[in-house]
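Chains as they are written, first to last, in my numbering: chain U, 1 to 268; chain P, 1001 to 1506.
These are calculated hints, taken from the structure and not from any lab test. The structure displayed is predicted, hence computed values, not measured ones. Treat each hint with caution, since some may be false.
As the list claims (entries may be wrong) - With a Cα cut of at most 25 Å, we get these calculated BS3-like pairs of lysine-lysine:
hint	chain 1	residue 1	chain 2	residue 2
1	P	K1289	P	K1248
2	P	K1108	P	K1060
3	P	K1385	P	K1108
4	U	K217	P	K1300
5	P	K1248	P	K1492
6	P	K1385	U	K217
7	P	K1060	P	K1242
8	U	K24	P	K1492
9	P	K1108	P	K1293
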Amino acid sequence: MSLDQTDQDSRSASQQPVQTANDKAVLRARDFWGALVLIAVSLFFLWRTSFIPLWGENRAGVSGGDWYNSAALVPLGIFTAMGLMAVSVLVTSIREGGASRALSSVGIGWNGFEAWRIVTITVSLVFYIGALVPRVDFIASSGLLITALIYGYHTGNPRRMGIAAASVMLAGLYALIAHFPQAEWNAPHDDDMVTLVIWAVFTVVVLVQARGSSVMKAIPVIALLVPTILVCAMAFGFRQNVPNRGGLLFSQIEYNYYVNLRPLWRDR
Amino acid sequence: MNFVLGQLAGFGDAFIALVADPVTYIYLISSVFLGIVFGALPGLTATLAVTILTGFFGNKVPLDYALIALLGAYVGAIYGGSYPSILLNIPGTAASAATAMDGYPLAKRGRGAEALGLTTTASFVGTLIGTFALLIFVWVLLLISQNIASPEKALLALFGILLSGTLMSEDLVIKGWISGMIGLAMAMVGLDPLLSEPRYTFGWSYLLSGFQVVPVLMGAFAIPQIIESLRMGGVAQIAQLKGRIVPKLGQVRRYFPTIARSGVIGTGVGSLPGVGEDVAGWVSYGVGKSVSKEGKTFGKGSLEGLLSSETANNACIGGALIPLLVLGIPGSPPAAALMGAFRINNIIPGPTIDPAIILRVVAIMVLASFTMFLMGLFTARIFIKILKLPQTVFLPVVMVLTTIGSFSVGGGINDLYLMLGVGALAYGMNLLRYPIAPLVIGVILGGLFDETFRRSLFLHDGNLAVFASRPGAAILLAMNVGLIASQLGPVKRGFRRLVTRTKGAS
């Protein structure tokens, strides 16, 4: 089966409405696990709700009031209803054969290519939001993400997806390890430099492999212009806070804007 | 009659004030353009357009301009979805799914330009019908809504969540309800509205103020879309476009009854809480198929089929704004994003809303529909070129837009973590075919439900009869119970038997 076919198959499995009997069987098998997770979540939150006073307990000598005043009342109803509805989904799933298919990979519609695609995107997004955006210059981190995502997913090549996720993860891991505490997020620029170097190397790789592809050739332009324009519009146009103001590139832009550029029209 | 004339005069004043302001045009043209682009690119949706622009304009420019940007994008995106439906057989938005049924066969026969021209006209007329209904009915409902108290508000919020769950679910209806319950549960996080009791904060001070609406919207609508659509980007095969796009007047006159009927249906469906443009399109298409003389040709390239869905989905916009402005209950997922914009501007839609805002919304809608009409007729070929852009190029850009938009509204990195978490949840729900719209509506209405439900009990010493003793509350309670009962197996079977017997007897 070609890669294109695999991609088309995976698309039909997850994007289109429930159509064939097999789609429905796969969905019921997934529903089995989904319902179990929902029941567990409902039970957990029902337990957590028990921490909120319900029956007029005294707090610091003050009566908590009657049951109908309690902050636990509505959550209690919500999680009970959610749990009961999850049981209903579980029963439907078991009745329609979902439980018997739930333990096999074929039964739940496992698709290795699709799983790899989702895992690599998730890794890229988690490291971008969780590690890079708080610690690293926004232009550099977003430029790296845009380069990685376009390069990794435009051709649908699993190897490229892995390279894309690894590059964002590498930059993110360095930032996380070197500057984990919040106090260090804005200060040193070594994580900015590491991200910038990874982005630059990645861009060279992309351009070498471009071979007549206009999309590949456009990646460096998009990756540089989009975050730069966005962050400048947000900071200087809308005067809003932007992530990592002290970042390597943005701090230079900000300095030059306020010291060299803005006086041109402010001092008139 | 005096009431209608008074309304039109108020609308006229708001319209002239907007038209006289040159800045209006900058926001209007750019937002409608952006909306059409978002609608036209498969993988981007109208909800996403309004959500992303909420991040950018929500609380950063004066409210009037923010509303122009958001409503312009909303109108443009719903219309823009028709481009890929007709030319690629891929609906640009869920609202245009029914459009592809007849649009693409027409384009394959070389009538793509004609289809686009008529679609543009139908979308324009549809938007105006919905807007006119908004202008008239919003005041009638506002008068009624001023008499509703906490019990009615609580039951109405619940009804909105349940109805959205019922109609937006493509698999089991109960999944829609669970999705709504998850949204309600998310709204419970933070200090409770009556006693300031912390709930489910797990010692994290950020959660004391509850989940912020914009990161939830961004997470629920943008992240799953990015994960789902970031696939191999091929160059789309666009059907050839021949002839003129501007439609012939005679043809518009011929199909005007279809356009008018679909406009009314779209407005009606839109005014139901939590039901979006896609449902409006399909309902109108279904009605059109059953009442039209051309019914048999629907799905094979019928202009009437095309106009049935395209008029209705745009008319739905005005309808969706009615419950939003009157009751604070969004009529569609993009209206939920609009609700987020109102909230971050400290405006609470509902019976206490400033009437001037409603008139400005109507004036903006009219201006946006004219802009969309002109752009659709005279710059359509630009949008067709944009269709060639692969989604692997614009989705990473959307991710960066979403990140900076979400960050700037709250100004904190925690909003981004929340966005990512909600995105992961929404993607998981997508995989299991749980609809996302009821979740968002649950988050938005959860606070209202919690506060009004408990206040009702508090004022009546815990007497649950308050939800049945007031006439309005009794009707709403019956609607809630009826909606739930209608989905129960024995009731469904009984209803089916009744229908069979009635048919047999007749």
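Output the numbers, in ascending order, of every earlier hint that fails for this structure. Going through the list in order, the structure violates hints 2, 4, 5 and 7 and respects the others.
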